[in-house]
Amino acid sequence: MSARSQDCHPEVTAFITYLRDERNMSSHTLRNYAVDLEQFVHYLKKNQKIDQFPQGLEPLTIRGFLAIMDENGVSKRTVARKLAALRSFYKFLRMRGKIVNNPITNIRSPRIEKKLPIYLTIPQVEALLAAPEKDSFIGLRDRAIMELLYSAGLRSAELVGLDEGDLNFADVTVRVQGKGGKERINPVGRYAAQAVEEYLTTKRIYSSKMHFEEKALFVNKRGGRLTTRSIRRILVRYAL
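Going by this note's numbering, the residue at position 143 of the sequence shown is 145; the numbering climbs one at a time, nothing skipped.
Among the hints, a few may not be true.
[As the list claims (entries may be wrong)] Straight-line Cα separation of at most 27 Å, DSS-like style, residue types lysine-lysine; simulated pairs: (1) Lys78 <-> Lys93; (2) Lys93 <-> Lys181; (3) Lys100 <-> Lys47; (4) Lys211 <-> Lys136; (5) Lys117 <-> Lys78; (6) Lys211 <-> Lys223; (7) Lys184 <-> Lys223; (8) Lys93 <-> Lys47; (9) Lys136 <-> Lys93; (10) Lys217 <-> Lys93; (11) Lys48 <-> Lys78; (12) Lys181 <-> Lys136; (13) Lys181 <-> Lys116; (14) Lys78 <-> Lys116; (15) Lys117 <-> Lys47; (16) Lys136 <-> Lys217; (17) Lys51 <-> Lys100; (18) Lys223 <-> Lys136.
Hints listed in this document are in silico derivations from the structure and should not be mistaken for laboratory results.
Work out the full structure: start from the sequences and follow the hints.
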């Protein structure tokens with residue numbers, strides 16, 4: 003939880019703490035919820051309506067907040083996200099017995115035009131997977147990363163959370179911790195499994211020299227666990 007959210011309304015702080023401790027939400031999601039709710043509280047203070055928050059708030063006040071964003075050119079997708087944050091917040095208050103009436107019940111989210119997904123062609127995928135060097139620790143690691151992302155259909159956050167023991171080469175599967183701490187087993191293709199095995203062989207030789215203690219599957223040169231930002235940089239570098 004950010005320093006800003008700690009200075010916010012106590013009910014908002016309690017909600018963010020609940021999401022962190024009981025719902026196990028990511029730091030990125032927590033930060034978005036905190037910012038969205040802090041912005042709403044600021045709007046209420048600016049319009050002398052904070053004394054109505056959260057129990058006596060009128061739906062018209064929430065509509066006014068959404069209208070201001072629309073007037074300022076905020077995208078419908080962002081407005082929908084902020085409304086979703088408010089909806090979750092009031093659901094939490096109702097669950098905790100803090101409110102009787104939910105002012106957001108009949109407020110609809112703005113309609114968002116669906117964008118067609120952008121995808122790679124098979125030759126582009128093959129070129130991307132063939133791009134890393136095959137005779138270096140980093141090259142073998144990056145190839146294993148891309149093969150596993152592609153083969154097992156993992157999110158980058160799921161990939162960086164993997165430990166070596168999560169790979170089962172006998173069953174050719176990977177154990178994944180998904181959103182909300184939910185665990186699932188994903189199949190792994192033989193090319194991805196082979197790429198991971200080749201990387202692990204080199205990693206163990208490399209780590210014995212560098213004295214790695216990290217049990218993470220994918221690590222940097224110093225043996226530390228990779229981050230989602232690292233994965234993004236790796237993919238962008240090869241894509242370019």
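Now the hints, each set against the structure:
1. For the suggested pair Lys78 and Lys93, the alpha carbons sit about 22 Å apart, so the restraint of at most 27 Å is met.
2. A threshold of 27 Å between alpha carbons decides the hint, and for Lys93 with Lys181 the separation of about 20 Å falls inside it, so the pair holds.
3. Between Lys100 and Lys47 the CA atoms are separated by roughly 20 Å; this keeps the pair inside 27 Å, and the hint holds.
4. Only pairs whose Cα atoms come within 27 Å are accepted, and Lys211 paired with Lys136 is accepted, the gap being roughly 20 Å.
5. For the given pair, Lys117 sits about 13 Å from Lys78 by alpha-carbon distance, which is consistent with the 27 Å threshold.
6. Restraint check for Lys211 and Lys223: satisfied, since their Cα atoms lie roughly 11 Å apart, inside the 27 Å limit.
7. For the proposed pair Lys184 and Lys223, the alpha carbon gap of about 30 Å is over 27 Å, so the pair is violated.
8. Between Lys93 and Lys47, the direct Cα distance comes to roughly 22 Å. Compliance with the 27 Å bound is thereby established for this hinted pair.
9. For the hint pairing Lys136 with Lys93, the CA-to-CA distance comes to about 52 Å; that exceeds 27 Å, so the pair is violated.
10. Taking the CA atoms of Lys217 and Lys93, the gap is about 39 Å. The hint is violated against a cut of 27 Å.
11. A hinted pair counts as satisfied when its Cα atoms are at most 27 Å apart, and Lys48 with Lys78 qualifies at roughly 23 Å.
12. Simply put, Lys181 and Lys136 have alpha-carbon atoms about 33 Å apart, too far for the 27 Å limit, and the pair is violated.
13. Pair hint Lys181 plus Lys116 holds up; C-alpha atoms about 23 Å apart against a cutoff of 27 Å.
14. Using a Cα cut-off of 27 Å, the hinted pair Lys78 and Lys116 holds, with the two alpha carbons roughly 12 Å apart.
15. For a cut-off of 27 Å, the pair hint linking Lys117 to Lys47 is broken: about 36 Å separates their Cα positions.
16. Restraint check: the Cα-Cα separation between Lys136 and Lys217 comes to about 23 Å, which is no more than 27 Å; the hinted pair holds.
17. Distance check on the hinted pair: Lys51 and Lys100 sit about 18 Å apart at the alpha-carbon level, within 27 Å; holds.
18. Between Lys223 and Lys136 the alpha-carbon distance is near 16 Å, which keeps this suggested pair within the 27 Å criterion.
Comparing the model with each numbered hint stated earlier shows that hints 7, 9, 10, 12, 15 do not hold.
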